[in-house]
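Asker: As you go down the protein sequences, you meet chains H and S in turn.
Take the first sequence: its position 108, counting from 1, is numbered 110 in this note's numbering, and each next residue is one higher.
Take the second sequence: its position 56, counting from 1, is numbered 58 in this note's numbering, and each next residue is one higher.
Worth flagging that the hints you see were computed from the coordinates, not collected in a lab.
Possibly wrong hints are sitting among the right ones.
Just so you know, same-sequence chains aren't split out, so a pair can sit in one copy or run between any two.
What the hints assert, rightly or not - Simulated pairs of lysine-lysine, DSS-like, Cα-Cα distance not exceeding 25 Å:
| no. | residue 1 | residue 2 |
| --- | --- | --- |
| 1 | K216 | K88 |
| 2 | K245 | K63 |
| 3 | K277 | K153 |
| 4 | K88 | K146 |
| 5 | K114 | K188 |
| 6 | K88 | K277 |
| 7 | K114 | K25 |
| 8 | K63 | K153 |
| 9 | K153 | K45 |
| 10 | K146 | K25 |
| 11 | K170 | K115 |
| 12 | K277 | K65 |
| 13 | K199 | K146 |
| 14 | K245 | K114 |
| 15 | K298 | K88 |
Protein chains: 2
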Amino acid sequence: MQMIRIGILGYGNLGRGVECAVKQNPDMELAAVFTRRNPADVKILTESASVCSISEASEWKDKIDVLILCGGSATDLPEQTPAYAKSFHVVDSFDTHARIPEHFANVDAAAKKGGKVGIISVGWDPGMFSLNRMYANAILPEGKDYTFWGKGVSQGHSDAIRRVAGVKDAKQYTVPVQDALDAVRKGENPDLNTRQKHTRECFVVLEEGADAAKVEEEIKTMPNYFADYDTTVHFISQEELEKDHSGIPHGGFVLHSGRTGWDKENSHLIEYSLKLDSNPEFTSCVLVAYARAAYKLGQEGVNGCKTVFDIAPAYLSPKDGAELRSSLL
Amino acid sequence: MQMIRIGILGYGNLGRGVECAVKQNPDMELAAVFTRRNPADVKILTESASVCSISEASEWKDKIDVLILCGGSATDLPEQTPAYAKSFHVVDSFDTHARIPEHFANVDAAAKKGGKVGIISVGWDPGMFSLNRMYANAILPEGKDYTFWGKGVSQGHSDAIRRVAGVKDAKQYTVPVQDALDAVRKGENPDLNTRQKHTRECFVVLEEGADAAKVEEEIKTMPNYFADYDTTVHFISQEELEKDHSGIPHGGFVLHSGRTGWDKENSHLIEYSLKLDSNPEFTSCVLVAYARAAYKLGQEGVNGCKTVFDIAPAYLSPKDGAELRSSLL
Numbered sequence: 003m004q005m006i007r008i009g010i011l012g013y014g015n016l017g018r019g020v021e022c023a024v025k026q027n028p029d030m031e032l033a034a035v036f037t038r039r040n041p042a043d044v045k046i047l048t049e050s051a052s053v054c055s056i057s058e059a060s061e062w063k064d065k066i067d068v069l070i071l072c073g074g075s076a077t078d079l080p081e082q083t084p085a086y087a088k089s090f091h092v093v094d095s096f097d098t099h100a101r102i103p104e105h106f107a108n109v110d111a112a113a114k115k116g117g118k119v120g121i122i123s124v125g126w127d128p129g130m131f132s133l134n135r136m137y138a139n140a141i142l143p144e145g146k147d148y149t150f151w152g153k154g155v156s157q158g159h160s161d162a163i164r165r166v167a168g169v170k171d172a173k174q175y176t177v178p179v180q181d182a183l184d185a186v187r188k189g190e191n192p193d194l195n196t197r198q199k200h201t202r203e204c205f206v207v208l209e210e211g212a213d214a215a216k217v218e219e220e221i222k223t224m225p226n227y228f229a230d231y232d233t234t235v236h237f238i239s240q241e242e243l244e245k246d247h248s249g250i251p252h253g254g255f256v257l258h259s260g261r262t263g264w265d266k267e268n269s270h271l272i273e274y275s276l277k278l279d280s281n282p283e284f285t286s287c288v289l290v291a292y293a294r295a296a297y298k299l300g301q302e303g304v305n306g307c308k309t310v311f312d313i314a315p316a317y318l319s320p321k322d323g324a325e326l327r328s329s330l331l
Numbered sequence: 003m004q005m006i007r008i009g010i011l012g013y014g015n016l017g018r019g020v021e022c023a024v025k026q027n028p029d030m031e032l033a034a035v036f037t038r039r040n041p042a043d044v045k046i047l048t049e050s051a052s053v054c055s056i057s058e059a060s061e062w063k064d065k066i067d068v069l070i071l072c073g074g075s076a077t078d079l080p081e082q083t084p085a086y087a088k089s090f091h092v093v094d095s096f097d098t099h100a101r102i103p104e105h106f107a108n109v110d111a112a113a114k115k116g117g118k119v120g121i122i123s124v125g126w127d128p129g130m131f132s133l134n135r136m137y138a139n140a141i142l143p144e145g146k147d148y149t150f151w152g153k154g155v156s157q158g159h160s161d162a163i164r165r166v167a168g169v170k171d172a173k174q175y176t177v178p179v180q181d182a183l184d185a186v187r188k189g190e191n192p193d194l195n196t197r198q199k200h201t202r203e204c205f206v207v208l209e210e211g212a213d214a215a216k217v218e219e220e221i222k223t224m225p226n227y228f229a230d231y232d233t234t235v236h237f238i239s240q241e242e243l244e245k246d247h248s249g250i251p252h253g254g255f256v257l258h259s260g261r262t263g264w265d266k267e268n269s270h271l272i273e274y275s276l277k278l279d280s281n282p283e284f285t286s287c288v289l290v291a292y293a294r295a296a297y298k299l300g301q302e303g304v305n306g307c308k309t310v311f312d313i314a315p316a317y318l319s320p321k322d323g324a325e326l327r328s329s330l331l
């Protein structure tokens with residue numbers, strides 16, 4: 003078997019998740035991890051793989067089949083994905099929904115120039131949730147879809163709390179509203195505003211001498227992040243935070259309820275849900291499956307930017323068509 | 003907009019469902035329904051469409067873009083799908099899992115000969131459930147998947163009961179065992195035998211003078227259909243059967259629980275479920291979405307047999323790539 007040689011660019015939670023996922027896929031091997039840090043300071047888990055400076059990446063052009071970009075969507079990926087798509091098949095988890103069209107265009111131009119495949123916005127949302135929204139809308143056009151996130155840790159909201167004066171540390175959970183979920187499941191097709199879909203639960207460690215009431219008020223009224231939600235703030239000790247809130251769980255639900263029949267007399271519910279102990283590790287697993295797709299598409303001479311919508315499911319699997327048909331169809 | 007012209011072959015529950023689904027898709031129109039019955043005896047709902055004898059189908063070669071085959075898997079589709087794939091893009095819902103490889107080979111040869119696209123085994127199982135099994139296995143290879151069916155009407159099991167001497171009419175529901183579902187959701191990865199996954203609930207109308215105890219015994223011990231399950235038999239009147247059990251609901255669950263992390267320390271659950279008021283109407287909706295895919299693939303010059311695994315999701319949607327990326331990704 004020809005092994006698919008994987009490179010990882012960026013070794014945070016996501017990069018480490020990719021490393022773990024590669025280990026579970028017998029047709030893949032980790033070739034190298036590229037880091038902006040001093041490579042000597044970065045310890046990875048895979049003994050057979052190299053740790054290199056990001057500046058050396060171009061030297062690996064012929065030693066890596068797919069480079070998985072594990073940076074952030076705010077500043078890393080908008081630069082990195084088009085830059086590396088000129089020399090490598092790449093996969094990223096770009097998740098700034100509003101900027102996807104622009105990112106797609108940039109990666110498409112670069113990948114076409116390099117004769118490479120660039121798969122963007124891979125993960126679970128965007129990613130598996132998007133796929134489920136798309137399939138459900140195509141199947142039941144007279145329907146409505148709902149996405150609920152959580153219960154899970156929002157890194158962005160946790161960071162926002164940490165920036166409040168008087169806060170030492172914090173963790174924020176996004177929680178779907180059970181009544182809203184139930185109403186959708188019953189086929190009631192409710193119109194739900196932001197506040198009706200999710201609540202936000204914050205666990206906050208105060209700096210010594212900080213004013214709890216003031217911190218709570220500042221969190222609850224923070225525009226964009228909390229003002230539009232029912233927010234609960236719990237003050238806890240650093241020890242409690244570390245003991246009870248050190249994980250990065252997440253998940254959520256995509257529901258689509260639709261009607262069929264000549265007079266729309268029948269109702270149907272499609273529901274997809276994820277319950278994840280580790281958000282970055284699951285995202286990594288999706289990235290790795292799409293890395294296989296990038297490799298296979300590249301072998302067929304395909305190039306340009308792709309999303310999960312453009313890739314036939316079979317490309318994700320190590321099994322061939324006949325095996326898939328006999329075992330999973 | 004170029005309308006996709008649909009033909010329906012076979013006008014039972016599935017054919018009528020396709021007719022209703024076509025009405026909900028503004029890029030499609032029903033051109034004709036082909037029947038083995040006398041066309042004059044078949045009343046359809048779409049005023050603009052023709053009803054023709056199956057023997058006239060070949061005359062519609064240039065007036066139909068995709069022919070949706072709505073016959074049964076036992077005897078109709080093994081003959082019809084390869085036969086019509088020589089002249090039309092075709093879609094079927096062939097659901098005899100064990101015979102899919104053979105059916106695929108026959109349709110592939112015929113479709114390649116005719117330069118047409120044949121998409122087989124489309125629906126929800128095989129179909130959407132297969133897709134979810136496949137995606138989940140590709141993403142979490144260190145995992146296990148479970149498919150539960152129901153609660154819903156099994157036509158095959160209802161028919162089997164009706165063949166028992168003394169039975170006038172019957173309806174059979176397949177019911178997933180809640181404890182088994184719960185154990186899977188908890189990530190316990192149970193090994194479940196047939197009896198532990200589903201129960202069978204039968205509603206039976208007896209012929210006058212029939213021996214209820216004998217009928218019940220015969221049902222419960224029927225090999226393949228009931229002997230391996232915990233089966234409940236309720237005797238009811240014909241009126242009750244018609245009032246309370248005239249629908250054809252179905253649904254089910256595909257669950258995949260898997261572990262990630264260097265030492266498999268994290269657990270994840272992927273769950274897909276369907277709750278359907280009408281099994282044939284939902285299947286029809288999936289057939290129609292894949293008819294769009296057959297049409298688009300045909301426009302690109304693709305030919306041969308395909309399954310849901312081979313078709314990029316975007317082909318199912320009337321939206322183009324840019325619209326999909328901005329609205330659903």
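Asker: Let me make sure I understand: some of the numbered hints might not hold for this structure. Which ones are they, in numerical order?
Answerer: Violated hints (numbers, rising): 1, 2, 4, 5, 6, 7, 8, 9, 11, 12, 14; every other hint is consistent with the structure.
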